[in-house]
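A.B. asks: Chains as they are written, first to last, in UniProt numbering: chain A, 1 to 211; chain B, 1 to 211; chain C, 1 to 211; chain D, 1 to 211.
Quick caveat, the hints were computed from the structure, so don't treat them as lab data. Remember, predicted model here, so these are calculated numbers, not experimental data. Some hints could be false.
A pair counts as met if it fits within one copy or between any two copies, since identical chains are not told apart.
[What the hints assert, rightly or not] Simulated pairs of lysine to aspartate or glutamate, EDC-like, Cα-Cα distance not exceeding 20 Å:
#1 Lys38 <-> Asp126
#2 Lys11 <-> Glu89
#3 Lys34 <-> Asp86
#4 Lys46 <-> Glu135
#5 Lys34 <-> Asp129
Residue-level listing of the chains:
4 protein chains.
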Amino acid sequence: MAKKEVPSSIKDEALVTKRRNQMIKGAVTLFIEKGFHKTTTREIAKASGFSIGTLYEYIRTKEDVLFLVCDSIYQRVKERMEASIDPRETTIQSLVHAIRSYYQLMDDMQDEVLVMYQEVKSLPRDAQDYVLQKEREMVAMLEEVIRNSLSNSQSEQQVQLLANNIFVQGQMWGFRRWILQRQFTIQSYTDLQIQLLLEGLGEYEPFKGGA
Amino acid sequence: MAKKEVPSSIKDEALVTKRRNQMIKGAVTLFIEKGFHKTTTREIAKASGFSIGTLYEYIRTKEDVLFLVCDSIYQRVKERMEASIDPRETTIQSLVHAIRSYYQLMDDMQDEVLVMYQEVKSLPRDAQDYVLQKEREMVAMLEEVIRNSLSNSQSEQQVQLLANNIFVQGQMWGFRRWILQRQFTIQSYTDLQIQLLLEGLGEYEPFKGGA
Amino acid sequence: MAKKEVPSSIKDEALVTKRRNQMIKGAVTLFIEKGFHKTTTREIAKASGFSIGTLYEYIRTKEDVLFLVCDSIYQRVKERMEASIDPRETTIQSLVHAIRSYYQLMDDMQDEVLVMYQEVKSLPRDAQDYVLQKEREMVAMLEEVIRNSLSNSQSEQQVQLLANNIFVQGQMWGFRRWILQRQFTIQSYTDLQIQLLLEGLGEYEPFKGGA
Amino acid sequence: MAKKEVPSSIKDEALVTKRRNQMIKGAVTLFIEKGFHKTTTREIAKASGFSIGTLYEYIRTKEDVLFLVCDSIYQRVKERMEASIDPRETTIQSLVHAIRSYYQLMDDMQDEVLVMYQEVKSLPRDAQDYVLQKEREMVAMLEEVIRNSLSNSQSEQQVQLLANNIFVQGQMWGFRRWILQRQFTIQSYTDLQIQLLLEGLGEYEPFKGGA
DNA sequence: CATGAATGAGAGTTCATTCAT
DNA sequence: CATGAATGAACTCTCATTCAT
Chain A
1 MAKKEVPSSI KDEALVTKRR NQMIKGAVTL FIEKGFHKTT TREIAKASGF SIGTLYEYIR
61 TKEDVLFLVC DSIYQRVKER MEASIDPRET TIQSLVHAIR SYYQLMDDMQ DEVLVMYQEV
121 KSLPRDAQDY VLQKEREMVA MLEEVIRNSL SNSQSEQQVQ LLANNIFVQG QMWGFRRWIL
181 QRQFTIQSYT DLQIQLLLEG LGEYEPFKGG A
Chain B
1 MAKKEVPSSI KDEALVTKRR NQMIKGAVTL FIEKGFHKTT TREIAKASGF SIGTLYEYIR
61 TKEDVLFLVC DSIYQRVKER MEASIDPRET TIQSLVHAIR SYYQLMDDMQ DEVLVMYQEV
121 KSLPRDAQDY VLQKEREMVA MLEEVIRNSL SNSQSEQQVQ LLANNIFVQG QMWGFRRWIL
181 QRQFTIQSYT DLQIQLLLEG LGEYEPFKGG A
Chain C
1 MAKKEVPSSI KDEALVTKRR NQMIKGAVTL FIEKGFHKTT TREIAKASGF SIGTLYEYIR
61 TKEDVLFLVC DSIYQRVKER MEASIDPRET TIQSLVHAIR SYYQLMDDMQ DEVLVMYQEV
121 KSLPRDAQDY VLQKEREMVA MLEEVIRNSL SNSQSEQQVQ LLANNIFVQG QMWGFRRWIL
181 QRQFTIQSYT DLQIQLLLEG LGEYEPFKGG A
Chain D
1 MAKKEVPSSI KDEALVTKRR NQMIKGAVTL FIEKGFHKTT TREIAKASGF SIGTLYEYIR
61 TKEDVLFLVC DSIYQRVKER MEASIDPRET TIQSLVHAIR SYYQLMDDMQ DEVLVMYQEV
121 KSLPRDAQDY VLQKEREMVA MLEEVIRNSL SNSQSEQQVQ LLANNIFVQG QMWGFRRWIL
181 QRQFTIQSYT DLQIQLLLEG LGEYEPFKGG A
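Produce the entire structure from the sequences given, and follow the hints as far as they go.
C.D. replies: Given below as structure tokens:
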């Protein structure tokens, strides 16, 4: 899927980038505070430091702002993930390290991640697909780490499921904060999750599925 | 937290129940389709089979509809969980059974659960608290099963985290459907999750947390 | 102008009278409190002690209620004026007495009179005419007293103007209450008005009008 | 009481003034014709020459329009009163002149004054207070003229009452037009009122109040 | 004769978007 | 390139009135 482009009537690309960054910064705060629907374009313009007219020089619709915000969040998440994951590492410690970094990241960006989760459905269909794709890429990064770090005793499906679990448990730290953050710190949460991941319930019996 | 009551100007309580059920049924479909914000009160009325005026005899605000919908979903989820969980059972098989039932439930009600997840933030504060409380109760049910089923080798924190993980992984089946339901059936998803839960990565080494 | 009739679908005339009295009593309070427009028919029904359906058995429109209320107020005012005015009296003291009684009446019924003043314009045209006619009749009563009480030195125009002045100054006690009732009691207000009326400014000089 | 400000989202203050004048002009006509409650905001917008959206750029609520209208009327009345009253004059002729001017003013603005009288009660509480205060100021102007013009034989209470009487009799010319304007012209009305005021009933006998 | 559930036209208000300056 | 006044479709909610029971 090609990078979805949001057209602007401004020619100067550097300016477009600058203005959009202002916009994203302003909008993210508002979306966190009151959600996408309850935020008006006027508020976004104001928080971005320019007029409503100017706002519309850099986007076509309000949904474009949401897309830019989501895209920017994914971008930042992805960049930090890439920075903390070395795909050449093959030890289990590198997996643990990747998980730790990812959980820390989810702690740092919990507001942003929460917003994204609650508002993607407001994106137009094609933007949703684009975002979904980004997500798949991130899960794929986790899959890669897992594949590299574990002995090949894991089936491909297990790997995928593990990656999904880790991915969601990271997000869960943010969007279930009112429950989890009473009982855990990001430290203890991370430690325990890793422990459960590695050890299971410690009551292993050759398990065979079936209803 | 006392049951939040939505006032109605209709006196006949049986009628209130009946009409609200029509309403919930109509609204849920619409919310699933287009989300709460993009659904108009007139559409809700129409889908419920009565006029806009009648709709407002049974609620005060549009948000009331959302609350009734959320409440009804939680109610159904909770009832089915209670029906499938026997808190007197103490075997690990009973835990497995509880998880299976819960995942099946999340499969059956994935649309509803998805809606709830995406729209709770649109509820007024007090209704959000009420819903959060419901969730805590359900997680508590899972905690109880875990506590009963496992040897007491688990710390309280581990129990809580496990319950949260199971709970979220169930929901994840629904709200990450576009990713997961390509790769798994609810059967294979359930089996694998249970296996991972019980066995961990099978690469157990005395693990000591810490950065 | 014939007595304007408000039709009812109920045959039993005694019942109609009874129900309408309940209605007027309930409505007047509400109109005083919040005005005609901000009072709903449901509130009127409730304050009257019966259901909205029953209310509409005794009137056709909400405006009918207003008319009944206005009519009832005028009726009461008129009755009390008639009781306190003896058209056969010819002394100036009888004029003074009539004025006193009228001012006292305006004090007793200030809320009702205020309501009427603020809401007549909401009546349909024909009802307004009817009410206007009632008013003329009352002013005419005052004119009669004046004519009887004073030596015929007064021109007909003077008599009419005097009657109007007295009439309005009585009402003014009620609808300018926030100003007048700080500075006067109904007693002192009455005394002073009568004094001014009889004496003028006491600076009489043969006055010739003209710009 | 500080000037009550109606906020606008338009920045250009000159434009705000201009648009609000259009608005007041349009609204006053409508209010005179059908009253505040039966006039819709759409009608106001249309009569003002702009769209409903534009209307709401210059006010927050429909009640704001009413306030602006009332405020504007009072403003105009007050300005004309100030222009026609010279507080340094001390002759009785100056009082007569003030009254004449005021009555003429009430004749010129009878529609506006009528509207105000019938609709103030629809204003929010604080706006009502504001308007009441304006009225007090105008009555105070009349009091001043009276105090200056008459020998000090008048008690303060008499002065206040006189001012109120003159004030109300002026308004009465407008809001009792259907009765008074059949019998009088503004000229004859004025002349007669002034005569009555100065001479009283010409039947002066040492009057002692009391029941 | 009494009830109150049902109706829907219509009200006030908002806000994404445009475009002349 | 920036501005912000103007627009009007569309929204939520109200309430006078009706009519089956």
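A.B. asks: Which of the stated hints cannot be reconciled with the structure, identified by number in ascending sequence?
C.D. replies: Hints 2, 3 and 4 not satisfied by this model.
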